[in-house]
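> These are the residues of each chain, in order.
Protein chains: 2
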Amino acid sequence: MKHTDIKEIISSDKYIGQQVTVCGWVRTSRNSKSVAFIELNDGTSLKNIQIVVEKGEGEYKEPRVGMSLKATGNIVEGRNHTKEINALPSHITILGDCPTDYPLQKKGHTLEFMRSIPHLRSRSNTFNAVWRVRSVLAAALHEYFQKNNYVYINTPLITGSDCEGAGEMFQVTTVGYNAEYKSEEEYCTNDFFGRKAGLSVSGQLEGEMAATAMGKIYTFGPSFRAENSNTPKHLAEFWHIEPEVAFAELDDVIEIAEDMLKYVIRRLLDTCPDEINFFDAHFEKGLKARLEELISHDFGRVTYTEAIKLLQESGENFVYPVEWGCDLQTEHERYISEKVFKKAVFVTDYPKEIKSFYMKQNPDGKTVAAVDLLVPGVGEIIGGSEREADYDKLIAAMNERNMNLDLYSDYLDLRKYGSVPHGGFGLGFERLIMYTTGMANIRDVILFPRTVGSIR
Amino acid sequence: MKHTDIKEIISSDKYIGQQVTVCGWVRTSRNSKSVAFIELNDGTSLKNIQIVVEKGEGEYKEPRVGMSLKATGNIVEGRNHTKEINALPSHITILGDCPTDYPLQKKGHTLEFMRSIPHLRSRSNTFNAVWRVRSVLAAALHEYFQKNNYVYINTPLITGSDCEGAGEMFQVTTVGYNAEYKSEEEYCTNDFFGRKAGLSVSGQLEGEMAATAMGKIYTFGPSFRAENSNTPKHLAEFWHIEPEVAFAELDDVIEIAEDMLKYVIRRLLDTCPDEINFFDAHFEKGLKARLEELISHDFGRVTYTEAIKLLQESGENFVYPVEWGCDLQTEHERYISEKVFKKAVFVTDYPKEIKSFYMKQNPDGKTVAAVDLLVPGVGEIIGGSEREADYDKLIAAMNERNMNLDLYSDYLDLRKYGSVPHGGFGLGFERLIMYTTGMANIRDVILFPRTVGSIR
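Sequence lines, in order, name chains A and B. Take any residue in the first sequence, count from 1 to its spot, add 39: that is its number in our numbering. Take any residue in the second sequence, count from 1 to its spot, add 39: that is its number in our numbering.
So here's chain A without its partners, still in its complex pose (with noise of 0.2 Å):
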């Protein structure tokens, strides 16, 4: 079907006077005695473009919100250099119809409706900008990392390795609902793999293996959590940047994580203006300003033992008490961002029992070279590290944990042939969205989210 994309029509001024075709879903529709105007929208852009029906000549039946149609005739521009289109009424073709009882009738529906009709919210303006946030940040992702050399990889979903009693990872099966196989060893060996498999929280220890090969690598790609939080906040699948980098040490993965977020929000406000201005008016007064500061500014940085102190000096009556060894909590992580910084800020250098086994492991003997970023208004958005790269370091902190080596022999050899120091971090794709656009459910910034208890 030909037919040119409102989104090209309403951007550009060569269409003024040439006559076109659009196709779209009618979102509101006027009628008056002379003249009947349609807001048509096809997706392409958050903004609709008005047909003005010249009713003089021939039929015309007033299409209902909802239906599809296809209408022929001459852009003019309109108010504010706005483009419409003039089309007589033979011109306009319905598509499909869309009877009385289409749930988006009227605008203001809540969000909490919205995802009780995850086919059908993405109709509406607020997930229409959403969806473009994503996409764009995506692909702004994308060309950050090629364009600075890294190799995009895919690392496994399913996976056979920390499915030993991983309490937060679901299991993957063909038998597993089947009654047939009454131990666990004869279920494993008759399953698919010939083992127990899983479904990866990371991959990290994948992406490391492609980086001591490859220099620079990143992922996107899911990540799945069987964690029973049912919070705005948690997902039990969700979408993870983690870039891995050789010959990285802290400072520079530091440096590179600043880089990539600064590059892909600045995209961003390029890109979407619209949405941004959208979300600005719908959802949090002056995002755009906070974004807008936010990548004209130098990241703030703090160990995390100043962290400690700053918080323990603050005066503030924190739900959770400060002591040095405990976790942040978003309480904590908003305070330094928030009040102490009033910016983005990195902490690094957290206490080695709080942190993963993998992390490089500092002079001190008491913290390993970890960096959180927090941001204003969320808190932690990035995680990440230097790695251990020193073979005999890592194998103490494993034996510490009680991990099984042998699990873990492929990843060790990085440490044997040819080591290096490097580094990465993990980026949730959906807490980035939720930044970027104040849309404070996780539910709302994916298509159809996965929760407990919850996968329609």
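Calculated directly from the structure, the hints in this document are not laboratory data. Check the hints yourself; a few may be wrong.
Straight-line alpha carbon distances no greater than 30 Å define the calculated DSSO-like cross-link-like pairs of lysine-lysine that follow [claimed, not checked]:
(1) B:K391 with A:K109
(2) B:K186 with A:K122
(3) B:K41 with B:K109
(4) A:K301 with A:K46
Got chain A sorted already, so can you dock chain B onto it with the hints?
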């Protein structure tokens, strides 16, 4: 660690005469009385850079293959406009040792051996080249869709649909190996989602929901098949590109598929000449010419009915007999594209019995508006269709297949509320990489292949 990517040095003259620091792994090393040579690779390029060590000053210990090191020196132009680094022994720092049991000592390992060391094989030229092609093709696909106003969407991987007795689907569970629950019902209600869940085999149905809101969308994510197919062409976990377009009929789908494929292959030829030459030399003679041929001609087009006639009149001795109504086998597909058309060819309008319920029913009552793209050397690489947009016809096709309509109410709503002609196709990413590299086994074009019985 401040250093310059070897790729940057190799591809630009601006470093000549400059002092730079490079990091990488030793590929080979030669030592003579006054001078030594190290071929260093940092993964950013298929090519190594040669370090020429002037042994006059300081002590020089020849590095072993696989060791990682850092070297600082001046860039000079070598033979054939190559770049070399002149470095003093004191400016070479070993980062990581590499014992002599390093598996990649010599060149010329078999691909089969390499599959036994998936965590190290990326350090070879072959896999360095495959992963870069993979990355560049992925970026080109994003680029193509983004510049044509498509919205990148992420469809859910864990799905509740199609889980009724689908033998080819992996089950996802948090209680699957738990012998506590005795009946299937008890399992399900106690499971994470409170019901059966599985890993998606395709994002198409959700893609349609997004396309009938956003106009043009594409997915790029993993799909899963629990098929017991231990062949060089099947993976249990593969990456899938599925564009879906509203206001599109079969001809539009075909046009998009051709345009997209030509775009990404053109991009690959421009971006990865070294890699393509490498594959041409070592894996498939004539690869480059074949790809250039592909993008310089209009793809052919034939209906299924015509194709059957061509096959029947061919005089060929096919293993699988040919008659109207049969599925085309790879031998048939290759005959059509290699012998009849001698180029890529779209086969359209297949018998409805051998295609899916959602495909648009043609007026003849026998065929559906399906399309497969066949390419020389491989066979089918893309499969798509216009979708049935008529509510009653779709219901009829589902009833013919005894499908449970209740499970598809969301999908049916798309035909109820503003239905539009729409269509799309699926491209298996690994098939595209095989086709563009000449790699013959799908296990060699994905980092960590998942196949029946194998999950390392």
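> All hints, please: hold or fail.
Consistency of the hints with the structure:
1. B:K391 with A:K109: holds, 29 Å
2. B:K186 with A:K122: Roughly 22 Å separates the two Cα atoms, so the pair holds.
3. B:K41 with B:K109: holds, 10 Å
4. A:K301 with A:K46: The hint holds at about 26 Å.
Hint violations for this structure: none, all hints satisfied.
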